[in-house]
Structures are given as C-alpha cells and as structure tokens.
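Chemist: Protein chains in written order, with the numbering used here: chain A, 7 to 471; chain B, 430 to 538.
A couple of the hints might just be wrong.
[Claimed, not checked] Derived DSS-like pairs (lysine-lysine); straight-line CA-CA distance at most 25 Å:
#, chain 1, residue 1, chain 2, residue 2
1, B, 523, A, 336
2, A, 345, A, 156
3, A, 345, A, 270
4, A, 336, A, 468
5, B, 523, A, 424
6, A, 156, A, 341
7, A, 468, B, 523
8, A, 468, A, 298
9, A, 460, A, 345
Simulated from the structure, these hints should not be mistaken for laboratory data.
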Amino acid sequence: MNANLLALWYLAASVLFILALKGLSSPVLARRGNLFGMIGMAIAVLVTLAITKNVTFILVAAAIGGTIGALVARRVQMTQMPELVAAMHSLVGMAAVLIAIAVVNNPLAFGILDPMPRGNRLELFIGSFVGAITFSGSVIAFGKLAGLGKKFRLFSSAPVAFGGQHALNLVLAIVMIAFGAAFFLAEGRAWMPFAAMLAIAFALGVLIIIPIGGADMPVVISMLNSYSGWAAAGIGFSLNNTMLIIAGSLVGSSGAILSYIMCKAMNRSFISVIMGGFGAAEGAVAADAGNKTVRSGSADDAAFLLANAESVVIVPGYGLAVARAQHAVKELANKLIEKGVNVRYAIHPVAGRMPGHMNVLLAEAEVPYDQVFEMEDINSEFGTTDVVLVLGANDVVNPLAHTPGSAIHGMPIIEAHKARTVLVNKRSMAAGYAGLDNPLFYMEKTMMVFGDAKKVVEDMVKALE
Amino acid sequence: MTGTIDPTVINLVVFVLAVFVGYHVIWNVTPALHTPLMSVTNAISSVIIVGAILAAGPSDTDFGSVLGVVAVGLAAVNVLGGFLVTQRMLEMFKKKARKVETEAEKEKA
Numbered sequence: 007m008n009a010n011l012l013a014l015w016y017l018a019a020s021v022l023f024i025l026a027l028k029g030l031s032s033p034v035l036a037r038r039g040n041l042f043g044m045i046g047m048a049i050a051v052l053v054t055l056a057i058t059k060n061v062t063f064i065l066v067a068a069a070i071g072g073t074i075g076a077l078v079a080r081r082v083q084m085t086q087m088p089e090l091v092a093a094m095h096s097l098v099g100m101a102a103v104l105i106a107i108a109v110v111n112n113p114l115a116f117g118i119l120d121p122m123p124r125g126n127r128l129e130l131f132i133g134s135f136v137g138a139i140t141f142s143g144s145v146i147a148f149g150k151l152a153g154l155g156k157k158f159r160l161f162s163s164a165p166v167a168f169g170g171q172h173a174l175n176l177v178l179a180i181v182m183i184a185f186g187a188a189f190f191l192a193e194g195r196a197w198m199p200f201a202a203m204l205a206i207a208f209a210l211g212v213l214i215i216i217p218i219g220g221a222d223m224p225v226v227i228s229m230l231n232s233y234s235g236w237a238a239a240g241i242g243f244s245l246n247n248t249m250l251i252i253a254g255s256l257v258g259s260s261g262a263i264l265s266y267i268m269c270k271a272m273n274r275s276f277i278s279v280i281m282g283g284f285g286a287a288e289g290a291v292a293a294d295a296g297n298k299t300v301r302s303g304s305a306d307d308a309a310f311l312l313a314n315a316e317s318v319v320i321v322p323g324y325g326l327a328v329a330r331a332q333h334a335v336k337e338l339a340n341k342l343i344e345k346g347v348n349v350r351y352a353i354h355p356v357a358g359r360m361p362g363h364m365n366v367l368l369a370e371a372e373v374p375y376d377q378v379f380e381m382e383d384i385n386s387e388f389g390t391t392d393v394v395l396v397l398g399a400n401d402v403v404n405p406l407a408h409t410p411g412s413a414i415h416g417m418p419i420i421e422a423h424k425a426r427t428v429l430v431n432k433r434s435m436a437a438g439y440a441g442l443d444n445p446l447f448y449m450e451k452t453m454m455v456f457g458d459a460k461k462v463v464e465d466m467v468k469a470l471e
Numbered sequence: 430m431t432g433t434i435d436p437t438v439i440n441l442v443v444f445v446l447a448v449f450v451g452y453h454v455i456w457n458v459t460p461a462l463h464t465p466l467m468s469v470t471n472a473i474s475s476v477i478i479v480g481a482i483l484a485a486g487p488s489d490t491d492f493g494s495v496l497g498v499v500a501v502g503l504a505a506v507n508v509l510g511g512f513l514v515t516q517r518m519l520e521m522f523k524k525k526a527r528k529v530e531t532e533a534e535k536e537k538a
C-alpha cells in the first residue's frame with residue numbers, strides 16, 4: 007500500500023471517530039455512533055497490519071488484550087465504571103511510553119532519521135512524559151476509586167498531603183524539563199536523559215494525584231481522560247501520523263471540557279482541585295448542629311406523603327449508588343406512577359463519581375431517560391412540585407450555596423428547598439463532603455427518613471402496596 | 430517564500446483544527462451520556478494501537494519490537510473493552526417501550 011492510500015484510509019477512520027462522538031448528542035443516535043467508532047478502529051488496525059511484519063505476534067498480543075477487555079466490559083458493574091475508565095487511561099499512557107521507547111531505540115523503523123532530528127525529539131519528549139504521568143496518575147486514581155486505601159495508604163481516598171508538596175512537585179517538573187532539554191540537544195540515542203525524564207514523570211503522576219480528595223474524583227478522572235488523549239496526539243506527532251493526532255486531540259479536548267464542566271458544577275477552580283487537600287478538614291465545621299430540631303419520620307410516613315402527591319421529584323446522590331438502591335427506586339417510581347403521580351428525577355452534574363455516572367446507574371435500573379432531567383432543566387419547576395425525595399445527596403441540595411460567605415456559595419444546586427414538602431433520606435446527620443451543615447434538613451417542611459437508602463426505599467414500596 | 434512545508438507544520442495544522450472540531454462536537458454531547466463519552470473516548474484514544482503495531486513490526490526484530498508487542502496487548506484491552514462497555518451502557522439507554530417490543534418479539538419466536 008502506498009503512503010497516500012494509507013493516509014486516506016486513516017482519514018476515513020478519523021471521520022468515523024468524529025461521527026462516533028457526534029452520535030452521543032442523543033441517546034437514540036448514540037448506538038449508531040458507537041458502531042461508526044468500531045468501524046473506524048477496524049479500518050485503522052487492518053490497514054496498519056497490512057504494512058507491517060511480525061503479524062503473528064501482533065495478532066496474538068491483540069487477541070490476549072482484546073479478550074481481557076471484552077471480558078471486563080461484559081462483567082463490570084455500573085457502579086465500578088469510574089475504576090474501569092481510570093484503568094483504561096493508564097493503559098493508553100503506558101502504551102504511549104512503550105512506543106516512545108521503541109522510537110528512541112530504532113527511529114528508522116518509524117521512518118524517522120537516525121540520529122533523530124530535533125523536532126522529533128521534542129515531540130517524543132512531550133508524548134512520553136504526558137503518557138508517563140497519565141499512567142502513574144491513573145493507577146493512583148484507580149486505587150482511590152476502587153477503595154484500595156485501606157491496604158495501601160498511597161491509594162487513600164482522603165488527600166495524602168505533606169509539607170513542601172507543591173514545592174517538591176515544582177522542582178521535579180523543572181528537573182524533568184531539564185532532562186527533556188538534554189535529550190533534545192543530544193546527538194546520539196541519549197538514553198540517560200530520556201530514562202531520567204521518564205522516571206521523574208512517573209513519580210510526578212503519583213505526586214499530582216495523591217493529594218486530591220475522593221469527592222474531587224470526577225475532575226481527576228476527566229483530567230486524566232484529557233491527558234491520555236494528549237499523549238496519543240503527542241505520539242502521533244512523533245510518528246507523523248495524522249489519524250493519531252486527530253483522535254488524540256478529540257479525546258484531549260473532550261476530557262478538558264468535562265473537567266471544566268465538573269469544576270463549574272462544584273464551583274471550584276481547576277487550579278484549586280489540582281492543588282488538592284480539599285476535604286481534609288472533613289467533619290470539622292459541622293459543629294453547630296446541636297440545638298436545631300429535625301423532624302424525622304418513618305418510611306411509612308414518607309410513603310403516605312408520596313402517594314398523596316401529584317408531582318414528585320427524586321434527587322439521587324452518590325449515597326444511592328453506594329447502597330445499590332437504584333432498582334428499588336425504580337420500583338418505587340413505578341408504584342407511584344401507577345397511582346397517577348407524576349414522577350421525575352433531577353440529576354446534579356456531580357451526582358456520582360464521574361461525569362454522567364448517575365444517569366448510567368438509573369438507565370441500568372431501566373428508568374426511562376425521558377423521566378430523567380438535568381439540574382438546569384428542572385430547577386424552575388420545584389416551586390410547583392409537591393414532594394421532593396432526596397436520596398443520599400447532601401451538598402448538591404444545600405441552600406447555603408445561595409448564602410454569601412458560606413464555603414459553597416455560588417455552587418449551582420438542585421433547588422429542592424422550593425418544593426412544598428421535602429423528604430430526605432440519609433444514614434445519619436453527618437455533614438456532607440464539604441463539611442457543611444445543611445439548613446434544608448431543619449426546614450419546617452422537611453422530614454428526615456434515616457437509614458440505608460435501599461432498605462428505606464424498599465420499606466416505602468411495601469407501604470405503598 | 431519557497432520550499433516544501435515541514436511535516437511538523439502540517440501536523441500542527443491538523444492538530445489545531447482537530448481540537449476545534451473536538452471542542453464543538455463535545456459541547457453538543459448530552460450530559461446524560463457523559464459516562465459513555467468517557468468510555469468511548471478511551472476506546473478512540475487507544476487508536477494508539479496503530480503506533481504500537483508499527484513499533485512491533487520493524488524489519489529487524491529487536492528490543493523495541495518486544496515493547497511494541499506489549500503495547501499492542503495493552504491498547505487492545507482498551508479497543509475492545511472501551512467500545513463494548515460503551516455499547517453495553519448505550520443499550521441501557523434504549524427506551525423502555527422498545528425493550529418491551531423486543532421481548533414480545535422473542536416470545537413470538
């Protein structure tokens with residue numbers, strides 16, 4: 007195959023990748039889009055196999071990896087999606103690093119001059135250090151999300167912070183760039199600066215992610231998504247492969263946009279998330295809850311209120327996912343719909359541990375997606391809603407967000423407090439992630455239903471029968 | 430101004446335009462599908478498997494081609510895993526009505 011034909015096939019694959027992403031603008035078109043993505047990938051792989059040797063080894067490796075991937079994709083629980091995505095980011099990062107080492111080892115095999123020109127060295131440096139940071143950072147993120155913190159402190163979901171952390175990171179970054187410069191200016195293979203640069207990049211990936219607290223994970227995972235794209239684009243530059251550059255840039259900008267959306271939904275700046283340490287003082291601020299009264303009721307009382315409402319909005323939070331209560335919630339909603347109640351769901355952008363996580367959990371429980379509304383689409387309707395049922399959510403419904411001077415002032419919230427009656431299910435009165443008390447729980451129209459979300463919702467379903 | 434354009438400049442042109450395309454396409458993704466978006470972008474970024482195949486198959490087999498084969502294996506996990514898990518999630522977003530239909534069809538058959 008000549009180079010021009012190859013480039014045209016790669017162009018076709020790139021267009022198919024764009025169509026795959028475009029399909030995600032609606033649930034109806036998304037499956038077709040995913041099919042386009044698969045076709046694009048098949049084209050990319052097949053035409054590349056046609057111009058290479060060692061095809062047997064490649065096919066064996068691809069078969070092993072592909073089988074593992076397929077098995078994991080089939081078996082993974084939807085609550086475990088964040089871990090899976092983090093693990094997959096780390097693989098892209100590692101693949102980028104391995105390819106970069108192979109290029110340094112034998113540039114001629116990639117159609118690059120030997121010794122390598124300066125331009126290729128710079129591109130390779132960028133691709134490999136971003137890849138290395140993506141790999142080690144994603145491994146830490148995976149550990150935090152998978153709850154390995156009990157076994158290894160490095161994976162603790164609480165921020166791991168120590169004095170001089172930021173200064174250390176800065177110094178390491180400068181040293182890494184210095185080695186990169188040495189690699190750039192060197193004449194021969196220059197293994198030493200290249201290896202040193204990679205080692206520091208691996209360490210930096212760990213150091214950047216450990217101080218970031220568990221609840222900032224939606225940002226971290228989006229950020230690593232973005233890095234894995236930039237790493238692929240960087241390798242595309244070194245190999246002069248436009249398809250890799252296009253695919254990498256699409257992924258890189260996707261991750262960047264998701265990070266921005268997540269930061270905005272938490273009213274935090276990207277810098278403050280990266281600097282980490284948020285959530286360290288958890289529970290320290292929630293002291294003055296003592297003398298305010300809370301009205302609490304049983305699941306039966308709550309079921310009575312729900313059954314007599316005309317409109318109900320359910321606000322699911324991460325507590326619901328932890329309790330695996332999404333199927334019970336769906337059953338409750340069905341019972342209410344049978345009784346003629348208008349039931350809808352309100353989703354905050356950070357309800358869950360990664361962007362869109364709650365939507366997937368509800369979809370898994372077969373909640374029709376036209377009952378599920380994003381925060382900005384449903385907020386105006388709480389004034390005419392009879393009952394809001396808050397399940398395992400706290401900060402995202404905290405009216406303090408409207409009070410100037412409070413720690414979460416300015417954060418967009420689901421305006422549950424505007425409804426006529428508010429039912430809140432929580433395990434206890436403990437403060438949420440932001441360590442803030444929530445005035446919603448003390449309002450006269452609020453009734454607290456304490457207990458595990460799954461058990462409480464199942465009791466409500468029984469009471470409705 | 431004369432001479433041929435450096436490939437790096439062409440790459441840079443492609444890169445900048447692709448970032449713009451990405452920016453506009455991604456803002457149109459409905460928030461409900463942000464998790465499938467992440468898993469499908471994972472699959473797409475594993476097109477790096479192309480680089481891994483090139484690394485694995487130079488004419489003279491050496492240490493670099495071993496790394497290439499390993500990289501093919503790693504990227505292949507993502508290629509299949511990414512697209513299949515996305516498919517699985519998107520199946521869940523099918524409308525309930527359609528699901529009932531297919532179940533009825535199954536009963537007929």
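Chemist: Against the 25 Å threshold, does the CA-CA distance of residue 336 of chain A and residue 468 of chain A hold or violate the hint?
Modeler: Holds - the C-alpha atoms of residue 468 of chain A and residue 336 of chain A are around 14 Å apart, at most 25 Å.
Chemist: Within a Cα-Cα threshold of 25 Å, do residue 468 of chain A and residue 298 of chain A meet the stated pairing?
Modeler: violated, 32 Å
Chemist: Keeping to a limit of 25 Å between CA atoms, is the pair of residue 460 of chain A and residue 345 of chain A held or broken?
Modeler: The given pair, whose Cα atoms are some 22 Å apart, holds under the 25 Å limit.
Chemist: Given the hinted pair residue 523 of chain B and residue 336 of chain A, is their Cα-Cα distance within 25 Å?
Modeler: The given pair, whose Cα atoms are some 16 Å apart, holds under the 25 Å limit.
Chemist: Regarding the pair residue 523 of chain B and residue 424 of chain A, is the alpha-carbon distance no greater than 25 Å?
Modeler: Between residue 523 of chain B and residue 424 of chain A the Cα gap is close to 32 Å, so the pair fails against 25 Å, i.e. violated.
Chemist: Keeping to a limit of 25 Å between CA atoms, is the pair of residue 468 of chain A and residue 523 of chain B held or broken?
Modeler: violated, 29 Å
Chemist: Given the hinted pair residue 345 of chain A and residue 270 of chain A, is their Cα-Cα distance within 25 Å?
Modeler: Violated - the C-alpha atoms of residue 270 of chain A and residue 345 of chain A are around 38 Å apart, more than 25 Å.
Chemist: Keeping to a limit of 25 Å between CA atoms, is the pair of residue 156 of chain A and residue 341 of chain A held or broken?
Modeler: Outside the cut-off at roughly 40 Å; violated.
Chemist: When you check the alpha-carbon spacing of residue 345 of chain A and residue 156 of chain A, does it fall within 25 Å?
Modeler: violated, 46 Å
Checked against the numbered hints above, the structure breaks hints 2, 3, 5, 6, 7 and 8 and satisfies the rest.
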